[in-house]
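K.L.:
One line per chain: the protein sequences are W and Z, in this order. Converting from the first sequence to our numbering requires adding 137 to each position, the first position being numbered 1. Converting from the second sequence to our numbering requires adding 32 to each position, the first position being numbered 1.
In short, the hints are calculated from the structure, not lab data. Computed from a prediction, not measured in an experiment: that's the story for all the values here. One thing to keep in mind: the hints can contain errors.
Unchecked claim - Only pairs whose alpha carbons sit at most 20 Å apart, straight line, appear in this in silico SDA-like list of lysine to any residue:
no.: 1; chain 1: W; residue 1: K574; chain 2: W; residue 2: A353
no.: 2; chain 1: W; residue 1: K200; chain 2: Z; residue 2: L502
no.: 3; chain 1: Z; residue 1: K474; chain 2: W; residue 2: E244
no.: 4; chain 1: W; residue 1: K301; chain 2: Z; residue 2: I332
no.: 5; chain 1: W; residue 1: K297; chain 2: Z; residue 2: E479
no.: 6; chain 1: Z; residue 1: K405; chain 2: W; residue 2: E243
no.: 7; chain 1: W; residue 1: K331; chain 2: W; residue 2: G209
no.: 8; chain 1: Z; residue 1: K391; chain 2: Z; residue 2: E479
Stated by the list, open to error - Far from chain W by the CB rule (all over 10 Å, computed), these chain Z residues:
no.: 9; residue: V64
no.: 10; residue: W125
no.: 11; residue: T392
no.: 12; residue: G449
no.: 13; residue: F472
no.: 14; residue: E479
no.: 15; residue: S489
Note that CB positions come from ideal geometry on N, CA and C, so glycine has one too.
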Amino acid sequence: MEVVDIRPILAPMLSLVCAGLIFLTGRQAFWRRMWSLLAAALKLGVVMSMLPGTLNGTIYVFKLTDFTPGIGLGFRVDALGMFFAIVSSTLWLLTTIYAIGYMEPEESKVRFFGFFALCVSTTVGIAFAENLLTLFLFYESLTIVTYPLVIHEETPAAFKAGKKYLVYTLIGGAFILLGTVLTYHTAGTLTLSKPGILTLANGTQTLTLLFVTLIAGFGVKAAIMPLHGWLPTAMAAPTPVSALLHAVAVVKAGAFGILRVIYNVFGVELLRQLNLTVWLAWLAAFTILTASFIALFQDNFKRRLAYSTVSQLSYIILGAALLTPMAAMAAIVHIANQAFAKITMFFVAGAIQRKTGKTSIREFAGIGYQMPYTMGAFTVAALSFVGVPLFAGFITKWYLSLGALEAGAWWFVVVMIASALLNAAYFLPIVYLAYFKAPPGTRFHVDEAPLTLLIPTVICALYVIVLGTTAEVPWMPLSLARTAVQFFFGT
Amino acid sequence: MVSWPHWLVTIIIVPLVGAVLTPVVGRGRPKVIPIWALGIMTATSLAALMLIIRVAQEGPFSYLVGGWARPYGIELHFDEFSASVGIICLVGWLALLFSYHYVAETIPARRVPYFYTLVLLNLTGMIGFVVTGDLFNLFVFLEILSLSAYALVAVSGEHIAEMAAFKYLVMGAVSSIVVLLSIGLLYSVTGSLNMADIASRLAGVEQRLPVMLALAGLAMSFMVKAALFPLHIWLPDAHSIAPSPVSAILSGLVVKVGVFGLLRVYQIFYGAGTYDLTGLNTALVWLGAISIVMGAFFAIFQEDIKMMLAYSTISNIGYIVMGLGLASQYSLIGATVHIFNHALIKGTLFLAAGAIIHKTGYRTLTDLRGVGKAMPVTCMAVSIGAISIVGIPPTAGFLCKWYIALGAFQAGKPAFGIALIFGALFIFIYYIRMVNSFYFQKPTHPEILEVGEAPLSMLIPILVLATLCLVMGILGRIPISFIEPAVIRMLGPFGG
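When you get a sec, could you build the whole thing from the sequences and use the hints?
P.N.:
Okay, structure coming up:
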């Protein structure tokens with residue numbers, strides 16, 4: 138049942154207005170913080186207020202204007218979009234609190250917080266986009282508004298990272314535009330409101346070409362190998378930005394785009410007939426393992442996290458490519474599971490860097506004696522990635538393995554297990570170093586990061602446990618994912 | 033008021049008379065001149081508004097000057113494409129407002145009245161060019177606008193200005209002669225100068241050779257006027273050396289005359305119905321594609337911001353011409369709408385660049401580092417213009433990319449759609465350099481941080497145009513649904 142409602146557009150507009158206010162009055166720290174926090178809280182409220190309706194099968198829609206004749210700038214809140222929007226607005230609030238503390242000694246804070254708000258505005262726009270063109274519109278805008286964040290430090294390394302980021306994502310954007318044009322030419326519509334708009338009658342060759350074009354386009358931001366090169370370089374950005382890039386906005390926009398392409402543009406039925414997703418599943422499996430191997434050898438903490446992100450994102454891709462309900466559920470729910478665990482880790486990296494100036498893992502020996510809460514949060518996130526039961530990551534691995542068996546592809550279960558081992562191999566030594574390899578004479582002496590950094594970190598870590606233990610409780614993300622899956626698979 | 037029949041002749045007479053009278057009115061009263069010019073353009077804009085409303089209500093209409101019927105009398109014809117008078121008046125009016133302080137401070141006082149005369153004449157020429165229904169008048173107005181444009185390039189008096197103007201003059205004059213020759217050829221075989229008449233008579237013409245020669249001549253010379261690669265060599269110097277308000281007019285409007293001429297030629301030959309235009313279409317599509325890439329390629333190596341903008345015009349003309357050559361419904365809609373939108377975008381960029389150069393005295397990227405902090409409003413306009421010209425949605429520049437790419441698929445030539453989409457990425461490279469230098473790099477000249485915003489007479493035109501870049505993107509359906517019937521009518525049986 139579709140209901141016209143202002144809230145789907147209100148959510149992105151709030152952040153947009155917030156960005157405007159920050160640019161106008163942000164020179165004073167008070168207003169800058171005030172607007173950022175107010176908008177983040179209000180927006181979370183708006184998004185959450187739609188959750189009961191979405192769970193009951195109500196679809197909120199809002200059409201702003203006909204952008205070009207026949208293709209509206211439209212917003213539509215379905216279960217999948219809702220899922221992404223909740224994740225990004227929750228994390229925006231936490232990241233804003235964190236950023237207020239973290240950015241204290243930095244320059245150009247007006248610009249930073251302004252573009253930060255714009256970034257989230259476009260992310261929610263992506264989540265609620267009614268058609269592929271609206272999605273593309275926000276997707277490209279996201280590229281543009283993250284650029285000033287990536288090069289925030291204005292160092293040569295930052296400019297290099299910014300350039301690389303733009304080259305990768307804009308070429309990806311061009312592929313998406315091409316795919317969108319071709320979709321409109323073939324299907325005559327761009328709507329994302331159906332479980333698939335293309336049919337076999339459009340010709341296998343065209344469909345194959347279209348699939349490759351769209352996946353290649355979205356695959357850049359989703360960092361599927363070999364399109365992942367921008368992501369480790371973008372580590373030059375300040376930590377809250379890395380957190381946002383890696384956990385919430387940019388990479389998830391890519392993954393979300395791929396989910397939309399598979400479930401809403403092509404549809405599960407058509408892709409099964411075309412047999413196109415097999416190579417995508419293998420590519421995802423390859424990315425999961427290779428990126429983990431590379432992560433093993435990174436000594437810079439943020440770089441290790443970056444390669445871990447590359448690896449984790451492909452869980453989502455693999456889940457989507459398997460085309461079974463269980464795997465789809467894993468793919469969707471991993472958007473949240475990966476986001477909360479990864480953002481915890483980035484918060485930890487930032488807190489350690491601000492507090493002690495340490496950026497390479499070698500220097501972390503004994504840091505658990507100084508920052509026990511921060512490292513505790515890290516331990517939780519690490520265990521989640523390894524896939525220990527009761528932590529969020531286990532839910533993903535469980536459903537993904539079930540989904541793989543459902544599809545009759547047991548070898549992906551092997552990939553899962555190998556990946557769990559690799560995750561353990563590159564995250565647990567950090568925990569070990571922090572607690573058990575302290576230099577002789579280290580005393581237990583709590584000297585934590587400021588509260589603005591610590592509180593968001595701990596909340597995220599706790600939420601990772603909540604996600605892992607309450608999966609079957611109604612209103613939790615899994616129920617939303619289940620609603621989405623029911624729609625896509627028609628069960 | 034809308035139905036008053038004489039608006040169509042008023043829109044030419046008012047600026048023409050106003051232009052001629054400017055030096056007389058301004059004699060001894062230099063302060064009156066800009067206000068007079070603005071007044072004239074306001075009246076012209078009013079006429080343009082009436083005409084556009086009328087064409088939207090009742091479709092194309094004609095006006096016979098002095099009541100003489102065709103083929104002997106002069107016919108003015110206003111169709112949806114002629115609605116370009118709207119953008120001519122808008123950009124012209126804003127450029128005149130921009131000139132208010134700019135000209136007073138950069139051009140010697142005794143030349144000021146002639147500057148305004150030339151601008152008004154130039155605008156008259158363009159208005160006449162788009163509303164005439166008669167090929168010979170088309171040539172006359174083409175000459176009015178070309179001659180005034182040559183003089184306007186030279187008016188700044190900078191050391192390479194004469195050379196730039198001379199280069200422009202030589203290329204422009206040769207192409208004008210070819211236009212005249214081609215018109216003569218068409219007259220010799222059809223016995224008429226009226227475009228609608230020629231279209232209906234061409235179908236029955238036995239001798240195809242002179243007609244094809246005329247077609248080739250017109251196409252070639254309009255390509256020169258449109259600065260299509262490799263006939264673009266006059267453009268970069270002329271557009272970058274001219275005073276900034278003039279650059280906005282030249283780059284936003286005057287080069288479009290070439291494109292518009294091509295459009296009229298197509299109208300005649302599609303109307304005739306029996307000519308195979310595949311050859312011309314193929315040439316245009318390829319030249320368009322090459323222009324997109326080459327324009328962007330040259331722009332990457334420029335340091336001078338106005339030079340960059342000038343090369344970017346070549347790329348954009350490439351889009352439009354490619355859209356014309358693809359000759360499908362979507363691509364033609366994209367091309368014609370981009371004629372409007374590019375004028376808005378390039379107007380924004382050239383006026384903003386003008387304000388920046390005027391305030392700081394620098395014009396290269398290295399010198400201008402950090403100007404974004406000193407002139408935040410102007411530089412925001414530059415950013416909007418840059419995003420728009422690269423075609424990031426929802427700005428005005430995106431519509432043409434979307435429609436021309438869609439048109440390429442519709443015409444069965446997807447390769448050109450791909451070339452267009454990826455060619456646009458090249459354009460991004462140099463606009464990113466510009467944005468980087470304005471905002472994110474340490475100033476080369478620290479005193480640049482002290483300059484403030486330009487006076488309001490410069491800032492308002494920039495802001496109006498920048499806002500329109502956004503608005504026309506979001507409300508893209510308005511120009512598209514306006515132009516669609518004209519495109520369908522023009523393509524006729526060829527419509528895809």
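K.L.:
Are the hints correct? Go through all of them and say.
P.N.:
Hints, verified against the model:
1. Pair hint K574/W plus A353/W does not hold up; C-alpha atoms about 44 Å apart against a cutoff of 20 Å.
2. At most 20 Å may separate the alpha-carbon atoms for a hinted pair to count; K200/W and L502/Z meet this at roughly 18 Å.
3. For a cut-off of 20 Å, the pair hint linking K474/Z to E244/W stands: about 13 Å separates their Cα positions.
4. Distance hint between K301/W and I332/Z is fulfilled; the C-alpha atoms sit about 17 Å from each other, no more than 20 Å.
5. In summary, the hint linking K297/W to E479/Z is not supported, as the alpha carbons are separated by about 27 Å, beyond the 20 Å threshold.
6. At roughly 17 Å between alpha-carbon atoms, K405/Z and E243/W fall within 20 Å of each other, so this suggested pair holds.
7. The straight-line distance between the Cα atoms of K331/W and G209/W is roughly 16 Å, inside the 20 Å bound, and the hint therefore holds.
8. Among the hinted pairs, K391/Z with E479/Z is consistent with the structure: their alpha-carbon atoms are about 12 Å apart, no more than 20 Å.
9. Even its closest Cβ contact with chain W, about 39 Å, leaves V64/Z beyond 10 Å, as expected for a residue assigned away from the interface.
10. The beta carbon of W125/Z is kept farther than 10 Å from every beta carbon of chain W, the shortest such distance being approximately 27 Å.
11. The claim that T392/Z lies off the interface holds: its Cβ sits roughly 21 Å from the closest Cβ of chain W, which is beyond the 10 Å cut-off.
12. Some Cβ of chain W comes within 10 Å of the Cβ of G449/Z; the nearest lies about 6 Å off, and the non-interface call is violated.
13. Consistency note on F472/Z: stated as away from chain W, yet its beta-carbon is not over 10 Å from all of that chain's, at 5 Å minimum.
14. Interface exclusion of E479/Z from chain W stands, the closest Cβ pair being 20 Å apart, more than 10 Å.
15. At roughly 24 Å from the closest C-beta of chain W, the C-beta of S489/Z stays outside 10 Å, upholding its exclusion from the interface.
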